[in-house]
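**Q** These protein sequences, in sequence, are chains L and R. Going left to right, the first sequence walks through residues 16 to 267 as my numbering numbers them. Going left to right, the second sequence walks through residues 223 to 305 as my numbering numbers them.
In short, the hints are calculated from the structure, not lab data. Here the structure is a predicted model, which is why all the values come from computation and not from measurement. Each hint should be verified, as a subset may be incorrect.
To be verified - Restraint ranges, calculated between C-beta atoms of paired labels, are given here:
(1) R:R230 - L:P82: 44 to 50 Å
(2) L:A90 - R:R228: 44 to 50 Å
(3) R:G258 - L:L151: 56 to 62 Å
(4) L:P82 - R:R287: 29 to 35 Å
(5) L:D87 - R:E237: 46 to 52 Å
(6) L:S211 - R:R230: 39 to 45 Å
(7) R:L302 - L:G81: 36 to 42 Å
All C-beta atoms in this analysis are idealised placements derived from N, C-alpha and C, irrespective of residue type, glycine included.
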Amino acid sequence: MSDLATRVRPVPPSTVVLVSGGSRGLGLAIVTDLLDAGLKVAAFARTVTPELAKLADAHPERTHVGPVDVTDLAAAQAFVRAAEDRLGPLDGLVNNAAVGQDSLHVHTAAADLARIIETNLTAPLQLTRLAVRRMLAQGRRGRIVNVTSICAQRGFPGLVAYSATKGGMDAATRSLARELGGRMLVNAVAPGFFASEMSAVLGQTQLDQIVRRTPTGQLTEPAEVLPVVRMLLCDQTNINGQVIVVDGAASI
Amino acid sequence: MTELSRARIRGLMGEVMANQGKVLPDDDAAELREIGFRSLDFSELALRVEDETEEELNFDAPGLRRIATVGDVLDFLAELQRQ
Ligand SMILES: NC(=O)c1ccc[n+]([C@@H]2O[C@H](COP(=O)([O-])OP(=O)(O)OC[C@H]3O[C@@H](n4cnc5c(N)ncnc54)[C@H](OP(=O)(O)O)[C@@H]3O)[C@@H](O)[C@H]2O)c1
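All chains, please: the whole structure from these sequences, using the hints.
**A** So this is what it looks like as structure tokens:
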């Protein structure tokens, strides 16, 4: 039966990938890496940084960038359409955009709590739904990588809502992998702390403490996360529904 | 909104400590670490201030990391009420 045939046929490598939050930090590194690997990349953030604009200028035929707030579903929808017109049909998605937190739960304003959940959980679920609908409707197969965090698996004070959203995305990763029955590979990458605008709120004492507790003796570098994201998007593996932790064993 | 005076906040801080059988020293320069006033005690104090002013006081953790003395606590909460 065709269903069985579909199942045994491996999901092909992604060729056109949408990266949310591609303007700086890990997202920008992912965009750069995928372009270096020859893929076509559509990337957005609320603000297109000079670094992202430069990449787009350097690869005009393989890049589509624009300012989009991931929580604005209509804007995301319009961006995806424009990206597909320019680059061809999407067959990969990296849910990377997120906002951080550094406030104790009891002292976090209700509006901030809602904003963190909307940006880090509701919006990527919506974006995923949008991407999957487009792929399924055209009989395409594809790959999804959710950038989550070690916070989904280990407790950290000051990151309660953030951790909840990342745990939510880890859980969604597993259920979506089942739901999509092998037509798409859905995985998550969970980095340990790395230096970025998001983690800049961490004090030196906290950074020292994380490094001390990490067997490899260093914070994770974005460059160390890239090969894992690329593998999940491009290599033929049977990895599906997994959360791959990249944290130097800090959490074990 | 009613704004609590520094003296009133000090009074509430004393109550938080007394509940744990500790004493709040008179000296504003006293180190929190030495007197055993921990970050959750700070949260309790902030919530007591909220109770009296009926206004939520929300703040990020980095500001807290700079707080080392009794005086810092009082300054932080007095300032926060004004924001
Ligand atoms: N840094 C760490 O230690 C760490 C550890 C584990 C996991 N992570 C995860 O790694 C990913 C990247 O983090 P990072 O450290 O590289 O963060 P970052 O430097 O703060 O970058 C976040 C990216 O997301 C975008 N973004 C945020 N809110 C958005 C919105 N509403 N709409 C569209 N784009 C939005 C930002 O651009 P704009 O602000 O212009 O929108 C930016 O491009 C996140 O999922 C984060 O949770 C980070």
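**Q** Against each hint, give a clear statement of whether it holds in the structure.
**A** Quick rundown of the hints versus the structure:
no.	hint	result
1	R:R230 - L:P82: 44 to 50 Å	48 Å, holds
2	L:A90 - R:R228: 44 to 50 Å	47 Å, holds
3	R:G258 - L:L151: 56 to 62 Å	59 Å, holds
4	L:P82 - R:R287: 29 to 35 Å	33 Å, holds
5	L:D87 - R:E237: 46 to 52 Å	47 Å, holds
6	L:S211 - R:R230: 39 to 45 Å	41 Å, holds
7	R:L302 - L:G81: 36 to 42 Å	39 Å, holds
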